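**Student:** Sequence:
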Amino acid sequence: MPGSGRPSPPPPRPPWVLLPSPALLLLLLLVLLPGGTLRSGLDSAVGSEVNLLDSRSVMGDLGWIAYPKNGWEEIGEVDENYAPIHTYQVCRVMEQSQNNWLLTSWISNRGASRIFIELKFTLRDCNSLPGGLGTCKETFNMYYFETDDEDGRNVKENQYIKIDTIAADESFTELDLGDRVMKLNTEVRDVGPLTKKGFYLAFQDVGACIALVSVRVYYKKCPEVIRNLAIFPDTITGADSSQLLEVLGSCVNHSVTDEPPRMHCSAEGEWLVPIGKCMCKAGYEEKNNTCQAPSPITNVKKGKVAKNSISLSWQEPDRPNGIILEYEIKYFEKDQETSYTIIKSKETKITADGLKPASVYVFQIRARTAAGYGGFSRRFEFETSPVSVAASSDQTQIPIIAVSVTVGVILLAVVIGFLLSGRRCGYSKAKQDPEEEKMHFHNGHIKLPGVRTYIDPHTYEDPNQAVHEFAKEIEASCISIERVIGAGEFGEVCSGRLKIPGKRELPVAIKTLKVGYTEKQRRDFLGEASIMGQFDHPNIIHLEGVVTKSKPVMIVTEYMENGSLDTFLKKNDGQFTVIQLVGMLRGIASGMKYLSDMGYVHRDLAARNILINSNLVCKVSDFGLSRILEDDPEAAYTTRGGKIPIRWTAPEAIAFRKFTSASDVWSYGIVMWEVVSYGERPYWEMTNQDVIKAVEEGYRLPSPMDCPAALYQLMLDCWQKDRNSRPKFDEIVCILDKLIRNPSSLKTLVNASSRVSNLLGEHSPLGNGVYRSVGEWLEAIKMGRYTEIFMENGYSSMDAVAQVTLEDLRRLGVTLVGHQKKIMNSLQEMKVQLVNGMVPL
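Numbered by mature numbering (1 follows the signal peptide of the UniProt record, and there is no 0), the letters in the sequence shown go through residues -39 to -1, 1 to 802 in order.
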């Protein structure tokens, strides 16, 4: 603990183990947590609880401090889903006068005046220890310290306020370890009233044998709700356990009230005692806690019917609820619902032409007012006329043929003249009734003659129209949310199941729009669905549909079991063959070829935006950079305003915001480098400005370790300064296909010495490659957690470290294969540099 005296190093531990090994502890944890899964996502809402911290969901280091260092020990492992498990354990019961402190990082209370701390831990029964140690304890203490200062952790022990002494309901014995049964304790304490912006937690061990499995800090709230046509916002509960907070509601759109409705938020996050209500304005009706737009059209009549057309007319809705601005008519051939056409008209009649003779067509009509679209009418079925039978005699055939030929010649002359006229004018616009607009759809996509083209949803005057044209509306009752798996830009990302009647149940990912959103946030959120819904390719994330008619608003996509590619590769460092890696790259290139052919520029292609499933199939996702990335930590300001991900972006896109498929190819080269290096950060710790300067001066990322020369050459081709010299995505797919068909072409690796020479260039993050200490070396390769182990076992100089073998690492307790490989690769690089006279050890 800062401010306390540091005790002398402990004597060697006895040969019998007081706590399970990290590997056994991991196994036991997975048995205890249902399904071996861990909930992830900071600031996630569970009922009326909002997390401020959940140690199980933090992907990197927690940043907690143990004092003295030989007290609490962090055990970092992952579960079978590669989710991190942060566990702290201490068991120094053989020693007198223990005072071991574990301090968390600063925790913002986000306006809450009363917070809750949930601890999950195991504790060993002192009676089960050999000889019944008299110094052993079966409790530990929890403290907190309030401060507005995020760097105010280094305070004295007596400045912390004690919350409670924590005891275990269940303790384990050595017999339990043998049977692989562990009793997991859960204790919850609350603290309040809090008056400052945040606080630190501290855990004090005074001689127990304990493993702290997880720490969750949360506050309670009454979540946003609509009651009596009034919206009551998210409300944080009060500081007192018996307090009721009075909250004023605001009327939903198109409703009014004389006095604002009220409800009361209880300390447990429940809404109680509603008072008053809002009423829909004249011309609107109440439905599902909202005031709706027009009622459905019920009276549709058939007019003139021909072999290729059907005319329809209808009456206004019984309750228009405002001025009708236009009608939308949707029709399709019966049993061909995925291929449909939409006509918009300001009149109460239309003629649908271009139909097949003797075919049944289904029509549905809906009206739009300033408040939005009403529901579609029921389905009306009408049939076109059959083809008339011509006379069959030779006498009648002759004049018909003659007339047909004559008409054909005349039409051909007219068409040629039309085309020539069009060429002189540049283009000729087809005549169209200004009162009607017609669009053809197939499987949710607009059909253009012979071409499939991406349509920017931002060009629609009404963004909701784009969503409903490109994305299928799903009933919220068809979706079951199972767990939170992450946090997106607009809200939480969950996994769950989709069960549509008549179809098999599917695992899905669900993006939700957080409560209290603005209309712009809703538009941007659904804009991604409007983009995704236009794509249909095995290497593009598939949109199942959207939920817009109830809250929360959701985007539902296929579920990718292994998550983002960069995180997946980091967790499986060195575990795949070269062919498997090339297969991943081929899938990404195939998806990008499809997008390029459709005229879509991604602008944010990076391994973090590639998802991977259990079959190692990679799919391009995150179609959000059409809205400029304002919150992406990888983004940086450019001189022309807006944010772009510098490390993945082509020079011309950075300098002139010139985004094209060629700039996507540059980004693809960076993705190749990420994949082969198993998720290494491009350009390491160089600043964004250094990256821009280095790339402009001709510096390119060096080949990753053990990279086939053919792959690195393709990366360099993607990084050509002249964008016209870069390969196209169809060429990249072709190159990768050839490499997969000829695995021997991947055996030639980039020369190690030339790779190191490049790595040690002017812009290298390693500088001249000289490390002043073992700790500095391990920190540089992100293996700083092993510094104490190296030092305690006599590896206190770089000379000694240079002699380390794989067996030595295993003996030191470096058991993760990825960590072993990273350390040995770094040592190998240093030896190559030493041979070349580059690095004095």
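If you're looking for bench data, these hints aren't it; they were derived computationally from the structure. Treat the hints with care, as some may be off.
List of simulated lysine-lysine pairs, DSS-like, C-alpha gap at most 30 angstroms [what the hints assert, rightly or not]:
#1 LYS512 x LYS182
#2 LYS265 x LYS307
#3 LYS262 x LYS238
#4 LYS265 x LYS295
#5 LYS262 x LYS248
#6 LYS481 x LYS619
#7 LYS554 x LYS682
#8 LYS475 x LYS512
#9 LYS475 x LYS510
#10 LYS554 x LYS475
#11 LYS554 x LYS158
#12 LYS464 x LYS310
#13 LYS317 x LYS305
#14 LYS291 x LYS512
#15 LYS307 x LYS248
#16 LYS532 x LYS464
#17 LYS265 x LYS291
#18 LYS433 x LYS532
#19 LYS307 x LYS481
#20 LYS532 x LYS144
#21 LYS262 x LYS291
#22 LYS123 x LYS81
#23 LYS291 x LYS248
#24 LYS619 x LYS682
#25 LYS460 x LYS475
#26 LYS475 x LYS238
#27 LYS238 x LYS268
#28 LYS263 x LYS242
#29 LYS307 x LYS268
#30 LYS654 x LYS689
#31 LYS531 x LYS708
#32 LYS464 x LYS531
#33 LYS654 x LYS699
#34 LYS619 x LYS654
#35 LYS242 x LYS464
#36 LYS689 x LYS699
#37 LYS554 x LYS242
#38 LYS123 x LYS144
Given the structure is predicted, the values throughout are model-derived calculations rather than measurements.
**Student:** Could you tell me which of the numbered hints above are not met by this structure, giving the numbers in increasing order?
**Tutor:** Checked against the structure, the hints that fail are numbers 3, 10, 11, 12, 16, 18, 27, 28, 32, 33, 35 and 37, while the rest are satisfied.
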